[in-house]
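Colleague: Sequence:
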Amino acid sequence: MGNGFVADGRVAVAASSGRPLYLRLANALAGRLAEQGADGLPSAREVAGRLGVNRATVTAAYRELAQRGLLVLRPGRPSRRRATAAGGDAGTLGPPPGGLDLARYAPDRSLVPAGRVLRWLGLGDGEGESVVHYGDVWGFARLREVLSERMSGWGMRVAATDVLLTAGVQHGLDLLLRATTRPGDVVLVEDPTYPGLPPLLAIHRVRAVGIPVHRDGLHDEEVRELARRHHPVLTIVTPTLHNPSGVVLEATRRRRLLAALAATGTQVVEEQFDPGLVIDGVAPSPLAALDPRVVAVGSFSKALFPGLRVGWMTGPRPLLARVAAVKRATDLSGSSFLEATAWALCRKGELDRQLERLRRAAAARRDIVLDELGRAGDGAGWSVPRGGFSVMVTLAPGVSARAVAARAGELGAWVLPGPLMSVSGRDDVVRLAFAAAGGARLRDGVRQFVAALAAPSAAPLV
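Taking the working numbering, the leading residue of the sequence shown gets 19, the next gets one more, and so forth.
Just so you know, these hints were derived from the structure itself, not from any lab.
Check before you lean on any hint, since a few could be wrong.
Pair by pair, the computed Cβ-Cβ distance ranges are [what the hints assert, rightly or not]:
| no. | residue 1 | residue 2 | range |
| --- | --- | --- | --- |
| 1 | Asp309 | Ala379 | 31 to 37 angstroms |
| 2 | Val29 | Val300 | 39 to 45 angstroms |
| 3 | Ala277 | Pro415 | 31 to 37 angstroms |
Where a beta carbon is used, it is the ideal one built from N, C-alpha and C, also for glycine.
Throw the hints in and build the complete structure from the sequences for me.
Modeller: Structural data, given as structure tokens:
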């Protein structure tokens with residue numbers, strides 16, 4: 019059954035074309051569907067298995083055909099019978115072939131943008147129309163395939179169907195917290211962490227417990243003791259390019275970290291920086307490659323630019339399904355257009371070129387920062403970042419980060435004091451970021467910060 023459709027599909031798979039595979043597959047099946055309808059068309063799972071392609075590719079092809087009015091999608095298998103009238107079959111995801119959709123509050127193709135923008139993205143007519151409408155809650159299929167392949171290169175076993183797209187790391191963590199925690203639950207986090215996380219945890223009214231971050235990163239014995247004492251629901255860590263220290267945990271320390279958390283039942287959440295941002299050596303395998311139970315969240319914000327609010331999450335399928343349900347209830351779907359833009363940038367090689375630019379800039383700027391910090395007096399210390407654009411400065415005992423930041427600001431250099439990125443109010447660390455300037459401007463700014471370290475007003479605030 020369905021041999022004709024499968025034969026058409028094999029022709030599409032074998033064809034040499036620059037067009038996306040799912041679109042070639044849709045075009046190959048369209049003629050037979052127009053002639054004989056969907057009778058005999060196998061499920062996406064069956065077609066994927068017989069053609070040796072990803073199921074998400076076939077699903078995307080079926081959605082394209084549904085938008086052309088050639089299919090009525092139902093759970094499990096494309097419809098082999100006509101859809102009922104509106105209000106009849108709740109499983110129907112579209113109007114019957116040839117029918118008029120008076121249920122969906124979305125514009126037809128004459129009312130949506132087209133032309134150069136969609137052609138620049140490399141989208142066909144049908145796909146271009148699809149990305150300006152509400153999308154799949156799991157996200158744009160082509161980008162999920164790219165991310166699956168990229169994470170496979172990092173040692174993770176992730177199918178495209180196990181990637182949930184988000185509007186960035188912050189959005190992903192928000193969805194995860196909604197899906198897994200209740201007010202009062204304990205969440206372990208690095209201390210200090212990036213400044214957006216403490217207020218997010220406060221909004222969810224969880225009890226955030228900080229894991230001290232040292233100049234060389236987390237110490238597993240401290241992690242083990244805190245997890246044993248507090249029984250956290252979630253533990254959020256950044257083993258590659260921790261913000262603000264820039265530390266990359268070595269492979270043995272990653273395994274010890276996972277072992278320290280394994281017995282507690284906590285859900286480990288790994289915030290992933292792209293390994294391509296590491297400038298010294300090669301980043302070890304992500305935690306999610308060492309243990310498939312780890313939830314990984316990441317985004318294009320650091321690797322491309324912050325305005326591209328597209329990120330991802332992967333992890334155990336049942337947990338992802340819970341997060342997807344929250345996502346569907348809160349924002350219906352992500353931005354298909356932005357997701358398609360991210361896919362186009364990856365396909366055109368812009369991501370890899372940008373990673374190379376960032377590595378060169380980070381290496382040059384880090385050297386300036388470390389050179390100037392080396393002129394600071396006794397007492398202060400700092401991490402040696404292996405990538406990224408920040409360093410964590412640890413102050414001498416009794417010196418206030420708030421006072422140092424205030425004095426540095428008076429001298430013309432703005433830095434982030436510990437209390438603004440700490441769940442425990444740490445006032446002994448400062449984030450010195452070097453993303454906003456390089457060269458002589460950066461050198462002058464670090465000199466102003468070093469002067470603030472030595473100033474009398476760097477004493478504790480009373």
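Colleague: Does the beta carbon distance between aspartate 309 and alanine 379 stay inside 31 to 37 angstroms, or does it fall outside?
Modeller: This hint holds: roughly 33 angstroms between Cβ atoms.
Colleague: Is the hinted range of 39 to 45 angstroms satisfied by the C-beta distance from valine 29 to valine 300?
Modeller: 41 angstroms, holds
Colleague: Measuring from beta carbon to beta carbon, are alanine 277 and proline 415 in 31 to 37 angstroms?
Modeller: Holds: the Cβ-Cβ distance is about 32 angstroms, inside 31 to 37 angstroms.
The structure agrees with every numbered hint stated previously.
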